[in-house]
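*Asks:* Taking the hints into account, I'd like the entire structure generated from these sequences.
Chain order of the listed sequences is A and B.
Note that the first sequence covers residues 1250 to 1537 in the working numbering.
Note that the second sequence covers residues 1250 to 1537 in the working numbering.
Since the list gives no way to pick one copy over another, a pair counts as held whenever it fits inside one copy or between any two copies.
Listed below are the simulated BS3-like cross-link pairs for lysine-lysine, each with C-alpha atoms no more than 25 angstroms apart in a straight line: (1) Lys-1286 / Lys-1253; (2) Lys-1413 / Lys-1490; (3) Lys-1413 / Lys-1462; (4) Lys-1500 / Lys-1360; (5) Lys-1485 / Lys-1462; (6) Lys-1462 / Lys-1379; (7) Lys-1360 / Lys-1379; (8) Lys-1343 / Lys-1413; (9) Lys-1430 / Lys-1500; (10) Lys-1443 / Lys-1462; (11) Lys-1443 / Lys-1413; (12) Lys-1430 / Lys-1462; (13) Lys-1490 / Lys-1500; (14) Lys-1485 / Lys-1413.
Keep in mind the hints are simulated off the structure, nothing from the lab.
2 protein chains.
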Amino acid sequence: MKLKRSSRLVDMTAYLLRHPQQVISLSYFSERYQSAKSSISEDLTIIKENFESQEIGRLQTQAGAAGGVCYMPYMGLEEVERLLSTLRQQMTQKNRLLPGGYLYMTDLLGKPDYINAIGRLIASVFINEKLDAVMTMETKGIPLAYAVASQRSIPVVIVRRSSKVTEGSTVSINYISGSSKRIQTMVLPRRSLKENARVLIVDDFMKAGGTMKGMTSMIQEFGAEVAGMAVLVETKEEQPKLVDRYVSLLKLTIPDRQETPIIENGNVYDWLPKQHVNPTKVETKDQA
Amino acid sequence: MKLKRSSRLVDMTAYLLRHPQQVISLSYFSERYQSAKSSISEDLTIIKENFESQEIGRLQTQAGAAGGVCYMPYMGLEEVERLLSTLRQQMTQKNRLLPGGYLYMTDLLGKPDYINAIGRLIASVFINEKLDAVMTMETKGIPLAYAVASQRSIPVVIVRRSSKVTEGSTVSINYISGSSKRIQTMVLPRRSLKENARVLIVDDFMKAGGTMKGMTSMIQEFGAEVAGMAVLVETKEEQPKLVDRYVSLLKLTIPDRQETPIIENGNVYDWLPKQHVNPTKVETKDQA
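*Replies:* If you want it as structure tokens, here you go:
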């Protein structure tokens, strides 16, 4: 179809948002809209400026005949603070403390709007990292893992506590739970991970970090590599953690004999890249 | 900020796609862009035409001073067939059959691109239904449930096989597994569902439908209502099912002594609404 600029802008924006972290050639858009590459380049300049000024994300463009464009989701600092502030406020409501030092988060983790925003934030931290897969342990981390993986168009692998008939042959390892010091088992289907894959570990809650450490062992077992670790909430109390170099969005303290948890920001601001993307050029004429 | 039309189109498209099934007032956009409502209406006409011609979704608009706009994700028939055809092809690969009549789908369910597309398809089926929540049973249905719920901005509630310390008090029911005829238990946190809530049940795989039936009982236990049921794959063999009026995307047959499963389309085409959205008007002048 031949489309006008206004129509191209709408369709191209929708297309880019649905295909994050995938390089799309100018030729593809040029054919899709039956428009010259120079017009497409101008469109992309407009989209790029808006994505960046509205902090929707980054557009990385490669010049030349084989040139292309790649949308990289990135959350601006203002939205980061708005998200963390909302989560802090929600999590410090009464009646959230559960026996054993846990926090009731099921309602928050049930909301796709929160989950998707958290996913975009975690993806923003790792915007410059090569990632091949996102790993989590069943069950609560699963939606977060998908939210991150969606922003990168990479697969999720789910570690389980026991093997299932629906998963074929599995690799099983033992690990020591950090808080209870008990030996536990985790399993992963053999077909899940390729050798040398760069894996981002994502989970909802970390006390001592035993599960996280177990997952790093699992990754090594497959000959793959830990590209990073991110948790939504870590506890302030259990120190030192069994893992280091992890990103936490929030930090939980449970005060003695009080009903209201204290939630602070985690270390995520130390991790957010300042210069997130290499400077890029768009092959284009002056913008109309 | 004051923005030009081209910039408004990019930002508004991104904003609408990120806020599905939410009514956004013209005043909001008018303030956001410091532009007259008449200009915003014209923008929306352009976006609406493109969303519909490109089958990105529907824009439902309400005229008048209190008017607003609502983006409803909808997958066009062409994309539906492309998606189902891809899934059929992937699922009929060798080595997918597992003991007990199960199909190995872990790799497919691990891919956010597939999961999100399947979620948009299921959301399209229920585009005209009032929905308050999406329910699934752990574990494999979870990503599908979030993918559907994301398209509607409604929460997900996850039924578990046993209660967890992190969930507070729970409601527990017994149900009979359809295929094995064994009595099983499912639990849901008390705070999960409100009375009269309209709940869409989503799962990845259905043999006799025992789990589905269990979830409908759980919904009744909360005084809520089943708004619909959808599964990715149903088996052709187990008949009749314990539930009726469910949507299936694909149907699996396991031929005797063969290594390759047969996958056909399910009943989804019977369910996709032909006239998906009521005719709507945009309050606007003639388009520039």
